[in-house]
Amino acid sequence: MKKYLSLLAVGFFALAIQGCGAGKLTVLDPINDSEKKQSISVKEGKHTLAVPRESVDTFEKKFKEKLYKETHLTEGDDIQVVFRFIQYDEGSRFKRYLFGGLGNSGEGSLTIELVFLKRDGTQIGKVQAEGKIGSGLAGGSIDSAVESAVDVATDFIKTSF
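Reading the sequence shown from the start, the letters are residues -22 to -1, 1 to 139 in mature numbering (1 follows the signal peptide of the UniProt record, and there is no 0).
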């Protein structure tokens, strides 16, 4: 019993340190292509603001991992997803730590636009994936917001293709 309580405590502590992230997806142009797709590629577009390279790389890496693991799609060129950061605010890790998630103090957020293109370059859809980080014992990391954006983007692709 002690072993299970210890594992539970460690798990809770790890979650609390990591921080609390939330994601939201906004569909700007619904997918308007009914052909069955088998493959997808991911390409970085031109960001509308300066974004730390680490956050861009983290998004691309985690997005590809989850996309190819959790969907039927393989890496290829039936569809191309072009992503770009259109909003990025790391917030204040110190304030998140200090206030422990009370209110929106220190909240960080990001918005990533994903445009879906057919092989010929025709746009077949556009969405915005948003991630937020609001708390954590150690202030949480913007990576939690990145992961939230990855989750909602991948869920959309799972249900759309």
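These are calculated hints, taken from the structure and not from any lab test.
Just so it is clear, the structure is predicted and the values come from calculations on it, not from any experiment.
Wrong hints could be hidden among the right ones.
[What the hints assert, rightly or not] Distance ranges between label pairs, derived from CB positions:
1) S17 x S70: 35 to 43 Å
2) L6 x F77: 28 to 36 Å
3) S70 x K14: 24 to 32 Å
[What the hints assert, rightly or not] Think about it this way: if two alpha-carbon atoms lie no more than 30 Å apart in a straight line, the pair counts; the simulated DSS-like pairs of lysine-lysine are:
4) K42 x K14
5) K2 x K21
6) K104 x K39
7) K136 x K96
8) K104 x K21
9) K47 x K136
10) K24 x K42
11) K15 x K40
12) K39 x K136
13) K21 x K40
14) K40 x K104
15) K14 x K104
16) K15 x K104
17) K40 x K73
18) K73 x K96
19) K2 x K39
20) K42 x K96
21) K15 x K96
22) K2 x K73
23) K136 x K44
24) K14 x K96
25) K2 x K136
26) K104 x K136
27) K14 x K40
28) K104 x K44
29) K24 x K2
30) K14 x K73
31) K24 x K96
32) K2 x K44
33) K15 x K2
34) K40 x K96
35) K42 x K104
36) K21 x K136
37) K40 x K24
Cβ coordinates follow ideal geometry from the N, Cα and C atoms, glycine included.
Against the structure, the hints:
1. In this structure the hint that S17 and S70 lie 35 to 43 Å apart at CB holds, the actual value being about 41 Å.
2. As the Cβ distance of L6 to F77 is approximately 34 Å, the hint placing it in 28 to 36 Å holds.
3. The supplied range of 24 to 32 Å is broken by S70 and K14, whose beta-carbon atoms lie about 46 Å from each other.
4. The straight-line distance between the Cα atoms of K42 and K14 is roughly 20 Å, inside the 30 Å bound, and the hint therefore holds.
5. Distance restraint check for K2 and K21: the Cα-Cα separation of roughly 21 Å lies within the 30 Å cut-off, and the hinted pair is therefore satisfied.
6. Restraint check for K104 and K39: satisfied, since their Cα atoms lie roughly 20 Å apart, inside the 30 Å limit.
7. At most 30 Å may separate the alpha-carbon atoms for a hinted pair to count; K136 and K96 meet this at roughly 17 Å.
8. For the proposed pair K104 and K21, the alpha carbon gap of about 14 Å is at most 30 Å, so the pair holds.
9. Taking the CA atoms of K47 and K136, the gap is near 11 Å; set against the 30 Å cutoff, the hint holds.
10. Under the criterion of a C-alpha separation no larger than 30 Å, the hint pairing K24 with K42 is consistent with the structure, at around 18 Å.
11. A C-alpha spacing of about 21 Å is found between K15 and K40, which places the hinted pair at or below 30 Å, so the restraint holds.
12. At most 30 Å may separate the alpha-carbon atoms for a hinted pair to count; K39 and K136 meet this at roughly 18 Å.
13. Restraint check: the Cα-Cα separation between K21 and K40 comes to about 13 Å, which is no more than 30 Å; the hinted pair holds.
14. Between the alpha carbons of K40 and K104 the distance comes to roughly 20 Å, so the proposed pair stays at or under 30 Å and holds.
15. Using a Cα cut-off of 30 Å, the hinted pair K14 and K104 holds, with the two alpha carbons roughly 18 Å apart.
16. A distance of roughly 17 Å separates the Cα atoms of K15 and K104; the hinted pair therefore holds under the 30 Å criterion.
17. This hinted pair checks out: K40 and K73 have alpha carbons roughly 27 Å apart, not beyond 30 Å.
18. With a C-alpha separation of about 44 Å, the suggested pairing of K73 with K96 is violated against the 30 Å cut-off.
19. For the suggested pair K2 and K39, the alpha carbons sit about 20 Å apart, so the restraint of at most 30 Å is met.
20. A hinted pair counts as satisfied when its Cα atoms are at most 30 Å apart, and K42 with K96 qualifies at roughly 18 Å.
21. Of the supplied pair hints, the one linking K15 and K96 holds, its CA atoms being roughly 10 Å apart against a limit of 30 Å.
22. With a CA separation close to 23 Å, the supplied pair K2 and K73 stays within the 30 Å bound.
23. Of the supplied pair hints, the one linking K136 and K44 holds, its CA atoms being roughly 11 Å apart against a limit of 30 Å.
24. Proposed proximity of K14 and K96 is supported: the alpha carbons are some 12 Å apart, at most 30 Å.
25. Proximity of K2 to K136 is assessed by CA-CA distance (about 15 Å); at most 30 Å being required, the pair is judged to hold.
26. For a cut-off of 30 Å, the pair hint linking K104 to K136 stands: about 15 Å separates their Cα positions.
27. At roughly 25 Å between alpha-carbon atoms, K14 and K40 fall within 30 Å of each other, so this suggested pair holds.
28. The suggested pairing of K104 with K44 holds, with an alpha-carbon distance near 19 Å, which does not exceed 30 Å.
29. At roughly 22 Å between alpha-carbon atoms, K24 and K2 fall within 30 Å of each other, so this suggested pair holds.
30. Note on K14 and K73: the hinted pairing is violated, with a Cα-Cα distance of about 47 Å set against a maximum of 30 Å.
31. Proximity of K24 to K96 is assessed by CA-CA distance (about 19 Å); at most 30 Å being required, the pair is judged to hold.
32. A hinted pair counts as satisfied when its Cα atoms are at most 30 Å apart, and K2 with K44 qualifies at roughly 17 Å.
33. For the given pair, K15 sits about 25 Å from K2 by alpha-carbon distance, which is consistent with the 30 Å threshold.
34. Annotation: proposed proximity of K40 to K96 holds, straight-line Cα distance about 23 Å (limit 30 Å).
35. Taking the CA atoms of K42 and K104, the gap is about 18 Å. The hint holds against a cut of 30 Å.
36. A hinted pair counts as satisfied when its Cα atoms are at most 30 Å apart, and K21 with K136 qualifies at roughly 18 Å.
37. Distance hint between K40 and K24 is fulfilled; the C-alpha atoms sit about 19 Å from each other, no more than 30 Å.
Violated hints, listed in ascending order, are 3, 18 and 30; each of the other numbered hints is respected by the structure.
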